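Visitor: Take 35 as the starting number for the sequence shown in the working numbering and just add one per residue.
These aren't lab readings, by the way, just hints derived from the structure by calculation. All figures in this text were calculated on a predicted structure; none of them were measured in a lab. Be aware that one or more of the hints could be misleading.
[What the hints assert, rightly or not] Taking lysine to any residue pairs in the SDA-like style, the calculated list, with each CA pair at most 20 Å apart, reads:
| # | residue 1 | residue 2 |
| --- | --- | --- |
| 1 | Lys-134 | Val-118 |
| 2 | Lys-39 | Pro-53 |
| 3 | Lys-134 | Ala-116 |
[Unchecked claim] Label pairs and their computed distance ranges (CB to CB):
| # | residue 1 | residue 2 | range |
| --- | --- | --- | --- |
| 4 | Phe-36 | Ser-106 | 55 to 63 Å |
| 5 | Val-61 | Thr-94 | 42 to 50 Å |
| 6 | Val-124 | Leu-89 | 47 to 55 Å |
| 7 | Gly-101 | Ser-127 | 36 to 44 Å |
| 8 | Val-97 | Val-124 | 34 to 42 Å |
| 9 | Val-100 | Ile-40 | 58 to 66 Å |
| 10 | Ile-125 | Pro-41 | 52 to 60 Å |
| 11 | Thr-130 | Gly-93 | 52 to 60 Å |
| 12 | Ile-62 | Val-97 | 54 to 62 Å |
| 13 | Ser-127 | Val-103 | 54 to 62 Å |
Don't be surprised by glycine CBs; every beta carbon is placed ideally from N, CA and C.
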Amino acid sequence: MFRPKIPAMPQPTGFITPPAVIEPTAVIQHTPTAPAPVAPTRPTVQLTPGAVVALVGSGTAVVLVVGAVLVSMLLAVAITGASVAICALVIRSLITTEAKHR
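Whenever a hint applies, use it, and build me the whole structure from the sequences.
Guide: In structure tokens form, the structure reads like this:
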């Protein structure tokens with residue numbers, strides 16, 4: 035009843051074709067006729083003092099926003115942990131006083 039049933043290999047139906055014979059081919063290397071054209075060089079980016087101030091200001095703003103979000107998440111976790119600990123203490127106190135009255 036609990037023995038596994040092993041499936042039998044099905045027998046092929048129809049015509050069976052023999053495996054194809056693959057002939058090796060010769061590898062011919064071609065030499066390139068002309069070198070590839072060199073891509074034109076891109077101009078370097080010139081930063082003006084105003085652009086540098088804007089980049090520094092936006093980077094500072096991003097760091098402050100990300101820091102505020104992370105600190106608020108940490109504070110939320112800390113408050114949740116403290117409230118769970120207080121609830122556990124209250125429940126333990128209720129259980130022990132209930133046990134003393136019996």
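Visitor: Compare the structure with each hint and give your call.
Guide: Taking the hints in turn, this is what the structure says about them:
At most 20 Å may separate the alpha-carbon atoms for a hinted pair to count; Lys-134 and Val-118 exceed this at roughly 25 Å. Between the alpha carbons of Lys-39 and Pro-53 the distance comes to roughly 32 Å, so the proposed pair goes past 20 Å and is violated. Distance check on the hinted pair: Lys-134 and Ala-116 sit about 27 Å apart at the alpha-carbon level, beyond 20 Å; violated. For Phe-36 paired with Ser-106, a C-beta distance near 58 Å keeps the hint of 55 to 63 Å intact.
Our hint of 42 to 50 Å for Val-61 and Thr-94 is violated, since their Cβ atoms are close to 60 Å apart. Taken as a hint, the range 47 to 55 Å holds for the pair Val-124 and Leu-89, whose Cβ atoms sit roughly 53 Å apart. Take Gly-101 and Ser-127: their Cβ atoms lie about 39 Å apart, and the range 36 to 44 Å holds. Remark: the range hint 34 to 42 Å for Val-97 to Val-124 is upheld by a beta-carbon distance near 41 Å.
The given range of 58 to 66 Å is respected by Val-100 and Ile-40, whose C-beta atoms sit roughly 59 Å from each other. Here the CB-CB span from Ile-125 to Pro-41 is close to 57 Å, well matched to the stated 52 to 60 Å. Restraint check, Thr-130 to Gly-93: a C-beta distance of roughly 56 Å satisfies the suggested window 52 to 60 Å. Our hint of 54 to 62 Å for Ile-62 and Val-97 holds, since their Cβ atoms are close to 60 Å apart.
Taking 54 to 62 Å as the suggested C-beta distance range, the pair Ser-127 and Val-103 does not conform, at roughly 37 Å.
Consistency note: the structure conflicts with the earlier hints numbered 1, 2, 3, 5, 13.
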